[in-house]
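Q: Sequence:
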Amino acid sequence: MINPEIAAVFDEIADLLELTGGDRFRVNSYRKAARSIEDLTEDVADLANRGELKKIPGVGKGTAERIMQYLKTGRIHVHQELLESIPRGLPELLTVPGLGPKKVQALHRELGVGSMADLEAVIADGRAEKLPGFGKKSVEKIAEGLAFLKRSAGRTPLGAVLPLAEGLRDAVREFAGVRRVEIAGSARRGCETVGDIDLLCIAEDGEQVVKSFTELPEVTGVRAAGETKGSVLVAGPIRGEIQVDLRVVPEESFGAALQYFTGSKEHNVRLRELAVKKGWKLNEYGLFEGDRPIAGREEAEIYEKLGLRPVPPELREDRGEIECRGETPRLVSLADLKGDMHVHSTASDGRSTIEEMAEAARQRGYSYLAICDHSKSSVIANGLDEARLLRHIQDIRAAGKRINGLTLLAGIECDILANGKLDYSDDVLAQLDWVIASIHSAQQQDRASLTRRSIAAMENPYICCLGHPSGRLLGRRDAMNLDWDEIFAAAARTGCALEVSASWQRLDLKDVHIRQAIDAGCRFAISTDAHSTEQLDQMPLGVQTARRGWATADDVLNTWPESRLREWIAARRKAGR
DNA sequence: GCCGTTTTCGGCCCGACTGTTTTCAGTCG
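Going by our numbering, the first residue of the first sequence is number 794, and it counts up by one from there.
Hints in this document: simulated from the structure, not taken from any laboratory. If you're wondering where the values come from, they're calculated on a predicted model, not measured in any experiment. Among the clues, some could well be false.
Derived DSBU-like pairs: lysine-lysine, alpha-carbon spacing no greater than 30 Å straight-line [claimed, not checked]:
(1) K825 <-> K865
(2) K1303 <-> K847
(3) K1058 <-> K825
(4) K1004 <-> K930
(5) K1074 <-> K1058
(6) K865 <-> K895
(7) K848 <-> K1071
(8) K865 <-> K848
(9) K825 <-> K1367
(10) K934 <-> K847
Across the chosen pairs, the derived CB separations fall in these ranges [as the list claims (entries may be wrong)]:
(11) K1022 <-> E1149: 40 to 48 Å
(12) Q1001 <-> E1149: 29 to 37 Å
(13) G919 <-> A1028: 29 to 37 Å
(14) C1117 <-> G1268: 30 to 38 Å
Heads up, the beta-carbon is just placed ideally off N, CA and C, and yes, glycines get one too.
Work the whole structure out from these sequences, hints included.
A: Encoded structure:
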C-alpha cells in the first residue's frame, strides 16, 4: 500500500508551501488531497491503473498528475524544488506549539534558524526575543512548546484516555453554576486514539468555571484561560502529558457547541459550506440568518435545518456522510448485542473462572457467551492440548447447565501456525460450538505467506471467525502486512466472520477496514477478548469502532438471536464438508 | 489547487486567546 507514503509527501508539500508564504487555499488543497489519500482503502496505484485518480475527493488534474509522477519515479517535481529551497529541519519547527509559518519564516529569515537545535540556541541567547513581532512572553510560550513536545504523550489509545476524561468531566460537573458537561472531540467520535481531551459545559459565569478548571489538582500547566475557554495540561494515562480543553457556553448554544467541538474539522467545514450556500452562518453559538439564531440548543436541529438527518458522531469524518445527506444506515448499537464471542478463562491465561465470566455476562444482559481459551501452541498463554480441551469442553457444558438465562458456547481461539495449518485436527474442532482462528506467531512473514495463512484458516468450515485479523497493538506493534482485498474477498466467499476486537489495545479490525469489508460482503463478530470479568466492559469501544465502519446490526452476527447464530454455524459447516 | 442546482472564474469556515499592538496579526482548534 503506497497511500500513506504519497499522503505524507503531499502533507510535506503543504508544510513547505506554507513556509514560503504560498497561497493558503493551495496549501489547504494539498492537505485535503493528503487526507483523502490516507483515508482510501484501495491502493492509489490500482486507481491510477484504471485512470480513476480524479474520483478521489480533492484530487483534480494537477494532483492526479503528481500522483502519477510519484508512482513512476518515486518523486514529485514541486516537492523536490521546495525541498531544495528550504532547510531540511524547517517543517519540523511547525510542530512546536506556539510556532506557526509566519514565526518560523521570521526565525529563518532573520536569524538563520533551520532546526530545533538552532531554535533552542536563539531562545537561550536572547536573540529570538528581539525579533519584531516577538517578545519576552511569546518566546517563553515557544520554549514551553518545545518542552511540551519533549514530554508530550502523543496520540493515546482512546480506551486508556477515557477514564481520565470521565474523571475530569465529573470534576467539572461539581463546579458551582455548571449545569451540564459532555466529552466532545475525537473521544466522542470514538477515534481509536486521541490527541487531546475536549470538554464542553453549560454555565453562566465562564470565567469562574475556567478558573476552577485550571486549579484542578491534576493540572500540571495552563496554556490559556479566558472567559469561555481554558486549556490545561495533565499527566497522560500511559506516558507524557496530554492537553485538556474546556469550553463554556450558554444553554441556548449547547447543541451548536457540541456539534462544533465534536468535529471532525473536515466534517465541520462541510457543514459550514452548506450553511453559507443557504445564506446562513454556522459557528459554535448556533446557526444564524443574519444576526437571528435559527438553531443552536439541540445538535439535531442544526443538521435538520441544513437539510441533513442528524449524523452519528462516529461518522463525522467527511467520508460520505454529507453526500448522502445524513441518510446513513442504522448503525449497530451496544443494546443490539446479545453476546460476547471471545473471552478467556482460567483454563488458559484468563484471570476469572468460566462461572465468573458467565455470571458477569449475564449481569450485562447477554443471552450467550463464547468461552474461547488458547490452543496448545500458545504455550506462554497456557494453551490447551487435546486432552485438556476435551475436559474443558465438559466443564463449559456443565457450567452452562448451572447458570440460568445464559447460553455458554464451548469455543476456542485456535492458533494459525506458521505453516498455515491449524493447531487442532478437524475432528477436535468439530466438538466445539464456536471456533476463532488467530495468528499469534510468525507475524513477520511476508505479505503473501501471512495472507495465505489467514485465508487457509477461513476456508476451514469449522472456523467461524478470524480473530484480531491485523494483529496490531495500538502504539506498540504495527499491523501485519496483509493483502486486505484478498482477505475480505475470501471472508465473503467462505462466509467466515471477521472479528472486531473491542480490546482497547487492539480495536482490530479498524474502522476503514470494516467499511471496506462490508462493501466486500463480509460479516463480523464484535468481541472483547476479555481476560477478566471487568474487561467485558470494553465492548462499547468495539461497537463504536464498528459504527465508524458503518456497520449495521445485521452485519454483526452476535446481534442475532442464538437460534440464527447456531443455524449460521451449522450451515457453514455443512457447506464446507 | 479544487470545484460547480450561484459551473469554467472567483470563490474557498469561523471564532477565542494571546501578545505586541496603538487596531491587529499569529496561532490554534
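Q: Against this structure, judge whether each hint is valid.
A: Going down the list of hints, with the structure as the test:
| no. | hint | in the structure |
| --- | --- | --- |
| 1 | K825 <-> K865 | 23 Å, holds |
| 2 | K1303 <-> K847 | 26 Å, holds |
| 3 | K1058 <-> K825 | 11 Å, holds |
| 4 | K1004 <-> K930 | 21 Å, holds |
| 5 | K1074 <-> K1058 | 16 Å, holds |
| 6 | K865 <-> K895 | 35 Å, violated |
| 7 | K848 <-> K1071 | 26 Å, holds |
| 8 | K865 <-> K848 | 20 Å, holds |
| 9 | K825 <-> K1367 | 49 Å, violated |
| 10 | K934 <-> K847 | 42 Å, violated |
| 11 | K1022 <-> E1149: 40 to 48 Å | 46 Å, holds |
| 12 | Q1001 <-> E1149: 29 to 37 Å | 47 Å, violated |
| 13 | G919 <-> A1028: 29 to 37 Å | 32 Å, holds |
| 14 | C1117 <-> G1268: 30 to 38 Å | 33 Å, holds |
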